[in-house]
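Enquirer: Listed below are the residues making up each chain.
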Amino acid sequence: MLLKNTYNEFVKILAKPRSYLGIGALTLLIAVILFAMKADGSSFISFVTSSFEQTLSFNGNILNGNLIAFIILQMLIIHIPLLVALVTGDLISGEAAMGTVRMLASKPISRTSIVLSKFIAGAVYTLILTIWLGFLALIVAKWIFGTGDLIVLNSDGLVILQEQDIIWRYGLAFIVAFLSLLTISTLSICLSAFADNSIGPIVSTMAIIILFTIIGSLDVSVFDTIKPYLFTTHMASWRSFFEDPIPMGKIIQSVVILLVHNVILVVIANVKFNKKDITS
Amino acid sequence: MEKETVIKVEHLAKSFGSFQAVKDVSFTVSRGDVFGFLGPNGAGKSTTIRCLLSLIKPNAGKIELFGKSYTNSRSEILSKIGSIIEKPDFYKYLSAQKNLEIFARISGASVSKSQIGEMLEFVGLAGRGGDKIGGFSHGMKQRLGIAQTLLHQPDLIILDEPTTGLDPQGIVEIRNLILRLKNEQNKTILLSSHQLSEIELIANRMVIINKGKSIVEGEVQDLLNAQELVVHLEVDAVAKAKQVISSHFSNAQFVGETANELEVAIEKSQVPNLNKALIENGVLVFALEPKRKLEDFFMKIVQS
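Residue numbers (my numbering), protein chains in the order written: chain E, 23 to 302; chain X, 21 to 324.
The shape of chain E in the complex, shown without the other chains (with noise of 0.2 Å):
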């Protein structure tokens, strides 16, 4: 019944015109970067490296796809987020707002069934969307930009590195952003059991990720304690694939603070569905 309510839950996504819009929307800003950089790149490059100037001379197709896709990472990780909501905050508020909870509930399919197929469901439309962003950010800003080493600035200073050493690094970090961007989807459907409104859930979830975002970005000691374990703090992880040497410790702890953050939200979601008197 899991599988079955799993599909229903892929047909109700794909028919429903928002689920388009976070991805036009998606496509439509990439494509904004990649113009924007094809048309003043160059300049953008310049007052990058200007600090550098003076100690190191740079050769070669700086400006490559691979310059590029970590760009549009760096910029999208923020915004995406609030496509991912768009679409999983309504999953279950969806349907108590349009009032066909009551008849999903009254089927003889479990409610912890029902909810996990919307875990599930969100976590494949999140799935596609980091797909989809990859295939922009990384394959069409190639073959548009060509080849070449990667150049990424860090706290610690300037990162070259080889081409060959790229793609499995940004395998790898496309990994952990899809997990950040599940976290959102997972939040944003717990929120949505609450709720019996679409846009609650949607607006709740942008609240509390500008909320922690800004808490972690505070230089205050009171909030020191709780830093750790906001999953704000790791929703950057995927940068650390782009540092030398990875710190893969530092990367499996914000993994694992991230899975932990998606266990707790579909447990509540599940126990607050289960409890819940349908009277919508």
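Think of the hints as simulated: they come from the structure by calculation, not from any bench.
Heads up, some of the hints might be wrong.
Stated by the list, open to error - Below, computed lysine-lysine pairings styled on DSSO-like, alpha-carbon distance capped at 27 Å: (1) Lys38(E) / Lys107(X); (2) Lys112(X) / Lys298(E); (3) Lys26(E) / Lys77(X).
To be verified - Below, a sample of chain E positions facing chain X; criterion: calculated Cβ distance under 7 Å: (4) Asn30; (5) Ile131; (6) Glu265.
Owing to the predicted nature of the structure, the values given are computational and were not obtained by experimental measurement.
Backbone N, C-alpha and C define an ideal beta-carbon position, used for all residues, glycine too.
We have chain E; now place chain X onto it with these hints.
Expert: Then chain X, alone, in the frame of chain E:
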């Protein structure tokens, strides 16, 4: 042979915060019954029905469906029930066919696409399966709702206010559908409705609930027959008719009168003799209509 009990509700109670929606509701529905579930607005009908479908968890009391409880047999019970609660809501962005496919998949039975087509035909929506629900009228949604309840061939059908918001033609269509389910498929049907005349026409048993409590339960005709009847008469001479009635029926009471119309409260068993006495005494009877309806009975019960 005693009929199998399909629904057994005992002392059901449910509160939402400090508001007690259902205080003490009990009733029994047997196999093959068309059971009327009556009560004024706010009586607790919808809350009780939601408890019957495990949408709401009661605070107290006992619910048994097909002799089993939700604690141990939720999926088994729900696989035997088809329901419309208040109004059938569907996924507006999907077609009627896709909506039915979605609910069929989780109905606990194997339902083929051709069966869905047959069901659409049964409810008068043949050829509309590919249309999106967004363009459906309320009546079409109600009929689709009935199709959805029947997809998996349930033993028990629960219909909560199925005619709400329908025009007279829609009401007749739904009534005929329910009668077909009763007569052709021998379904057990629990029907909650504000249309008391509908209940009177369709149901064989009923319960009336008010302020969260069940007040009266039984066979519809038995409950109505136990009540005093008001007969509306249209005659050529009202004064003479009154004289005849008074002399022949000492317990008769006159409750209304116009130039050539008369209303008299009398026992149902005396109605044939009333007609006979009037005719034998030269009073021309143009119309004789028993006025006691379920509405009167309902109002009497609720107001008492």
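Enquirer: Confirm or reject each hint.
Expert: Consistency of the hints with the structure:
Pair hint lysine 38(E) plus lysine 107(X) holds up; C-alpha atoms about 22 Å apart against a cutoff of 27 Å. Using a Cα cut-off of 27 Å, the hinted pair lysine 112(X) and lysine 298(E) holds, with the two alpha carbons roughly 24 Å apart. Between the alpha carbons of lysine 26(E) and lysine 77(X) the distance comes to roughly 26 Å, so the proposed pair stays at or under 27 Å and holds. For asparagine 30(E), the suggested interface contact is upheld, since its CB lies about 5 Å from the closest CB of chain X, less than 7 Å.
Because the smallest distance between the Cβ of isoleucine 131(E) and any Cβ of chain X comes to about 5 Å, under 7 Å, the interface hint for this residue holds. Taken as an interface hint, glutamate 265(E) does not check out: its beta carbon lies about 45 Å from the nearest beta carbon of chain X, beyond 7 Å.
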